[in-house]
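> Chain by chain, the residues:
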Amino acid sequence: MDRRRVQGPETSVVPFPLLDDAAPGVVAPPLQAGKRAGGRRPEDMRPIFLRTGLISQASGSAYIEMGRTKVACAVYGPRQIKKQQGFSEQGRLYCEFKFATFACKKRRNHQRDSQEKEFSQVIVQALTPSIRLEKLPKSVVDIYVTVVENDGTASCLAAAITAASTALADAGVEMIDLVAAASLAYQQRRPEGDAPTGENTREAGAADLVLAQMPSLGDVTHLLHRGPVDWAQMSRAVEQCIDVCAKIHAVMVHSLREHSAAEQ
Amino acid sequence: MTSPYAFSAETFKRVQPSEYYRKFLEQDVRPDGRAFSQFRKTILNAGCISTANGSAVVRIGDTTVVCGIKAEVAEPTLDQPAAGYFVPNVELGPLCSAKFRPGPPGDLAQVVSERLRKLSEEYIAFEELCIEPEQAAWVVYADLVCLNHDGNVLDACQLALLAALKNARLPEAQIGEDGIVRAGEAFTRAITIKRPILAATFGLYEGRSLLADPNASEEPLLDSLVTVCVDDAEHLHAVWKSNGGRCSLEQLQRCVELARIRFTELSALLESSAADQ
Amino acid sequence: MPKEFEPSISEREFVQAALLEGKRVDGRTPYDVRAIEIHLGPEYGAAEVTLGKTRVAARASATVVRPFPDRPNEGQFMLNLELSPMASATFETGRASEEEVLVTRVLEKAIRQSRAVDTESLCILAGEKVWSVRVDVHVLDHHGNLIDCATMAVVAALLHFRRPDVTVIGEDVTIHTLEERNPVPLALHHIPICISFAFFEDGQPANHSCPCDRLVMDPSRLEERLQDGDMTVTVNTHRELCALSKAGGSPLPPDQVMRCVQLAATKGAEITNLIRKAVQDTTSRTRPGGGGGIGLDR
Amino acid sequence: MTRRVVLPGETVDVSVTSEDIDATQPVRLGPGLRQAEAEVCAVRGGQLQAQPEARRWWIESNKKRYVPALGEPVVGQVISRHAEEYKVDIGGAHSAVLQAMAFEGATKKNRPNIKVGALIYARVSLADKDMEPELECLNPTTGRSEGYGELKDGFMITCSLGHCRRLLRPGAAILRALGQHVPFELAVGMNGRVWLRADSVPHTILTANAITRSEGIYHACRRLVKQLLQQI
Amino acid sequence: MSSSAIVTPGQRLGREHQYRTGPGTYVRNSVIHASIVGTREIHSAAEEGELPTISVTRGREQTTLPQVDSIVTGKVLRVNPRFATVAIMAVGPTACRDEFQGIIRVQDVRATEKDKVKIYHCFRPGDVVRAQVISLGDARSYYLSTAQNELGVIFARSVAGVPMIPISWQEMQCTKTKTVELRKCAKPM
Amino acid sequence: MPRKDGRTTTQMRAMSATQGALERADGSVRFGFGDTQTMCAVNGPVEARLREEQLDRATVEAVYRPIIGLPGVRAKEIEAAVQTVAEASLLAGLHPRTLVQVTAQCMSDAGSSVAATLNATAMALMDAGLPLRAVPAAVACAISPEGEVLVDPTAEEEQCARSQHVFAFDNTSQEMVFCASTGKFTAEELAACHDLCRAGAAKVHAFYRVALERKLAEEGIVA
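Protein chains in written order, with full-length UniProt numbering: chain A, 1 to 264; chain B, 1 to 277; chain C, 1 to 298; chain D, 1 to 232; chain E, 1 to 189; chain F, 1 to 223.
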């Protein structure tokens with residue numbers, strides 16, 4: 001009984017689809033002639049829209065759209081550490097990742113579940129190597145990410161990392177490099193760039209990969225791979241992600257320049 | 001008598017907000033250049049989220065609110081067996097402003113949610129949300145996420161909520177003998193809205209000047225906040241006056257007139273957004 | 001939120017000195033219970049009990065709900081107690097204070113788990129509709145011994161409460177308004193009453209004489225803050241012992257415990273009669289209660 | 001002596017009404033009245049009292065929460081002890097500071113040794129809404145303790161501030177009635193706390209109950225004391 | 001200002017032996033990279049024979065943290081006999097979005113007669129002070145000092161709520177009621 | 001059309017108030033319109049937590065508890081109303097960096113419970129002896145389906161009303177300090193409700209004075 005919100009019924013369910021005998025169960029369209037559902041080639045990447053500075057209240061912010069995946073990210077800080085964790089020469093990063101309740105096919109809960117907490121940790125791990133924390137003694141930089149629409153959970157995580165890094169740059173936090181992240185889902189035969197629809201793409205045997213990289217310096221800051229895949233496919237997938245990261249990095253640079261020029 | 005110490009404008013605004021603001025109001029202008037009764041630029045686009053049954057994004061100035069509608073099915077309550085549910089909730093998280101802390105909804109979020117729920121009793125047709133009396137009814141969850149809080153979040157939420165409801169489509173559902181509800185493939189059924197109701201909020205500065213659509217830096221300096229909700233037939237549906245200042249009946253009636261003008265602007269926006277679907 | 005400081009040394013020493021002479025600071029003898037006042041009404045199930053200056057209000061209400069799947073022909077009974085800053089400035093809203101958890105636990109054991117309310121009688125239509133009775137307890141003024149005062153308030157509210165009469169013909173259920181049919185009281189198996197004791201060591205652990213003479217019934221706020229141990233005995237009208245909780249504190253010889261139970265039994269009977277009498281002469285005067293009584297409004 | 005009951009917010013006319021009052025004397029506003037630009041308005045509900053000749057106006061009303069004011073005697077409880085000072089709870093919004101040196105004849109070497117939890121009778125030496133209140137256990141003019149200092153054993157009760165003010169007035173009815181039957185010592189603080197000590201436990205209990213129960217009674221004090229005497 | 005001249009973090013600016021690194025840049029295996037988004041600026045060295053310094057400056061104000069020796073402007077929140085608590089609202093000329101907490105210990109209020117300082121005669125809650133950060137202090141607050149003439153109270157309201165003007169280094173006068181209040185004033189610049 | 005309990009449309013139920021009912025609270029009042037009773041307790045100025053401390057004024061913390069059920073979002077809106085009345089009356093600048101706790105407990109709801117809560121709050125602030133610049137008085141009214149404006153409505157009148165209004169007025173300037181009107185009504189009806197409630201508020205202010213006189217007599221201040 002959550003008394004801080006308007007109450008609905010205790011339990012509510014999504015109605016079952018009307019199984020009239022004519023149409024078979026809706027199955028993901030098979031791969032025809034190398035094209036995917038969205039008409040994209042396996043290695044193609046969905047169109048990206050990245051805009052900084054949309055959230056005026058934040059120190060820095062970024063809004064990203066990769067195809068239908070939409071993620072908003074705000075950075076507050078560097079500011080005083082509220083919780084008493086003792087003196088620290090180094091700054092700290094704190095992240096809260098949240099899917100909006102309407103973001104996924106199945107309605108999500110208001111409270112953060114374990115997956116969202118895990119993603120918050122992943123974002124902090126992916127970004128910490130790139131931030132010059134020694135320049136921010138006794139302070140914390142808070143990153144808040146809200147997914148407005150989820151078209152592929154792996155792609156949401158990648159978009160969130162990219163947006164968070166852009167927002168940190170927009171906030172003027174000193175960093176050694178931006179961090180671009182790309183996601184990828186394996187079909188049985190060939191890896192496909194940029195995991196498409198279906199938030200839990202992990203049907204039986206399917207695997208996906210999220211790779212976060214500092215493009216200018218070339219170092220990989222975070223790699224999350226789930227699902228069984230043989231080694232050869234894995235290495236090809238990593239290269240493919242590196243290329244996608246380069247493209248994403250170009251978009252990040254462009255939007256940061258656009259916004260800071262407009263700012264003058 | 002100006003103090004001998006010079007401040008940069010930005011520091012003066014942080015250190016002495018009320019002084020900074022009073023200097024502008026003395027020249028009948030607001031820091032962001034608006035006239036007293038002028039609302040900020042309002043942008044509305046509906047239906048931009050495919051995973052929701054209905055959605056809308058509203059920007060009033062910098063205040064940005066995203067509303068998503070998700071519909072599910074549940075058993076109706078025993079004392080109202082033939083009515084569905086409408087559950088609006090506002091999230092004012094740490095993402096939209098530095099003054100909100102992580103965790104469950106704070107006081108402001110809860111008050112806005114309660115006001116949206118109270119208003120919904122005037123325009124939602126609850127009996128049409130019932131699929132089968134005493135057995136099954138639609139639960140329309142309307143969740144509003146504020147992406148940027150630059151003041152006057154209630155007006156933005158009500159507009160986003162109405163636009164999302166207009167944009168929402170539910171599947172045709174019926175209940176089988178086995179008591180299980182099944183829904184059709186096509187999302188065709190609309191949610192009927194008896195009458196569009198929209199909110200307009202005003203602030204009173206030192207009991208005299210009436211300021212429309214106060215932003216985040218103005219809100220703490222105003223000693224009264226008046227919100228008026230009107231519908232298309234010039235009827236009023238809610239008048240709330242909060243904060244400790246005093247407000248005369250004439251000022252209240254002035255707010256009602258301005259709210260009516262604001263209603264025409266917003267309902268035009270509402271129609272155009274629904275049209276281009 | 002001001003913190004509540006420990007009592008001063010003078011107060012502690014004086015209370016112990018007075019107890020040595022069998023006297024208490026507010027003029028009572030060790031086995032005196034403070035004056036009890038019971039106000040009932042105007043709606044059914046509204047009770048307000050003062051024990052000395054401690055004041056607790058309880059409100060019983062009933063709504064029609066679907067039964068739990070595993071117990072289709074049994075109604076529900078819920079108790080809720082929350083300490084607000086009204087009781088004392090040291091309580092915060094939001095986080096439950098340790099005292100609130102303690103009082104709620106003892107109340108649950110005394111009333112709910114001892115099956116005081118007969119939930120079978122609350123069934124309207126097995127598997128479909130049952131009565132869900134809830135009692136909300138509000139502590140208005142905290143002057144010590146919340147447990148006893150809260151139990152009395154809950155019991156008085158339950159005895160005074162009337163739910164609307166219901167007729168079931170086959171499947172359809174009609175709930176009569178209070179004007180059509182006289183409302184029906186709740187069926188209670190027994191009436192539990194809590195009697196709390198506080199006891200004090202005499203300060204000289206060396207000659208550890210039995211603390212029998214330093215045992216007080218119905219401790220005041222000051223005695224509660226100075227006590228070295230406490231015990232709550234829950235008895236009912238059939239002279240049965242429903243619950244006994246002696247949570248830590250200084251050890252007590254067994255004969256002392258039995259003595260307390262005897263004292264509690266006699267005192268409990270007295271209090272039960274007091275409540276019954278109060279309920280009898282108010283129900284005749286209570287008006288049906290405008291809608292609020294049975295909590296049917298949304 | 002105008003005697004009307006005023007609600008907060010109402011204005012009070014403090015102008016001179018008759019000639020023989022010297023209009024140049026400054027108007028002194030007591031508790032409950034405050035100057036707002038031109039006029040004087042009430043900030044508390046109560047009965048308006050005045051001594052027009054001394055041009056002193058105030059509002060008589062009762063309160064329970066103490067707000068420190070300069071020079072008022074208070075009964076405090078030591079809540080913590082530091083090298084140079086004690087922190088004392090006086091029932092107000094902030095705990096007060098009592099310097100270890102603020103005792104009669106205190107020197108660097110021999111200073112009173114007061115334990116945490118002890119009661120003290122002290123005078124408010126600093127009271128300002130922006131600062132922590134400070135106490136001292138001596139009369140600043142004479143440097144003597146004059147009753148201030150640590151209060152050993154005895155007992156302490158709390159009652160309303162109005163009742164304490166009446167107890168401090170010479171010839172308080174309840175104290176005179178008690179005095180005929182019971183020898184006792186008393187330290188009344190303006191912060192609603194009264195420390196008392198009598199020769200025996202029953203007498204102390206009698207005194208304590210007599211004072212708490214005499215809150216609203218003025219004439220029947222003697223009858224109240226007799227009742228309590230039988231109960232011993 | 002064409003957007004091409006703007007550099008983003010990680011962008012190579014040159015080799016180590018070409019420039020000296022100024023703010024907004026860093027060196028990694030002998031290559032100079034930008035560390036913030038901003039415009040690249042090259043300042044020729046003061047005396048020749050020195051390398052020119054390269055730096056990146058941000059258009060919008062750079063949210064700086066209080067560092068040791070930076071001059072900060074803040075508002076006094078609380079005053080107790082041992083220290084005054086200050087909410088730092090601006091570091092140097094730039095106002096910071098979020099307030100940092102700093103304290104002015106009684107021994108850091110002024111340079112002369114450190115032990116006879118009565119803090120109530122120097123600061124009152126609501127005063128705006130200009131102070132210097134003397135250390136990063138503890139986990140909760142920075143340590144500030146006003147032990148120089150141009151540091152101290154720069155704006156204060158009298159009990160009557162009217163802004164006061166300084167009449168000496170330790171007195172301020174209310175313009176309406178002419179009452180004099182004690183403050184540790186900063187020397188007007 | 002006379003009302004069920006025989007009152008005319010502009011007649012309010014008898015008001016009742018007991019002051020100082022609670023021992024521990026600094027100020028406590030049980031205020032009632034007929035059977036609708038609300039208890040309000042005020043503690044202050046007390047110590048504030050560092051997080052909620054304000055440097056130039058006292059922080060007001062309002063809590064509202066319904067008589068039945070857990071306090072939910074509806075209670076939070078009433079808390080905002082109590083906060084408004086407290087801020088309209090309290091001179092918070094005189095006690096900086098302190099906390100004033102206002103806790104309202106509904107004892108029984110027989111119609112216009114929010115108005116009773118706001119009046120109990122104003123009287124409790126006065127009973128606590130806090131410095132106030134005004135004592136607001138609140139009155140509720142409802143417009144019946146037939147369009148009649150009923151002052152101080154009972155629970156049934158509220159349930160079937162077309163719209164419900166609560167207004168609170170300042171005792172010095174008779175200007176509105178709080179208003180919460182919901183339902184379906186016209187601007188003219190709003191003005192009618194405003195004036196009707198203002199007349200009712202004058203009666204409540206008179207009642208405050210009578211109650212204060214009774215309390216002073218009980219405490220032996222009025223010799």
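Derived by calculation from the structure, the hints in this document are not laboratory data. Don't take every hint at face value.
In silico EDC-like cross-links for lysine to aspartate or glutamate, where the CA-CA straight-line distance does not exceed 16 Å [unchecked claim]:
1) Lys87(D) / Glu47(F)
2) Lys99(B) / Glu219(F)
3) Lys203(F) / Glu234(B)
4) Lys82(A) / Asp138(E)
5) Lys13(B) / Asp138(E)
6) Lys63(D) / Glu175(F)
7) Lys129(D) / Glu219(F)
8) Lys129(D) / Glu53(F)
9) Lys129(C) / Asp79(B)
10) Lys184(F) / Asp79(B)
> All the hints need checking, so say for each whether the structure fits it.
Hints, one by one, checked against the model:
no., hint, verdict
1, Lys87(D) / Glu47(F), "holds (15 Å)"
2, Lys99(B) / Glu219(F), "violated (46 Å)"
3, Lys203(F) / Glu234(B), "violated (33 Å)"
4, Lys82(A) / Asp138(E), "holds (13 Å)"
5, Lys13(B) / Asp138(E), "violated (29 Å)"
6, Lys63(D) / Glu175(F), "violated (29 Å)"
7, Lys129(D) / Glu219(F), "violated (29 Å)"
8, Lys129(D) / Glu53(F), "holds (14 Å)"
9, Lys129(C) / Asp79(B), "holds (11 Å)"
10, Lys184(F) / Asp79(B), "violated (24 Å)"
Violated hints for the displayed structure, listed by number in ascending order: 2, 3, 5, 6, 7, 10.
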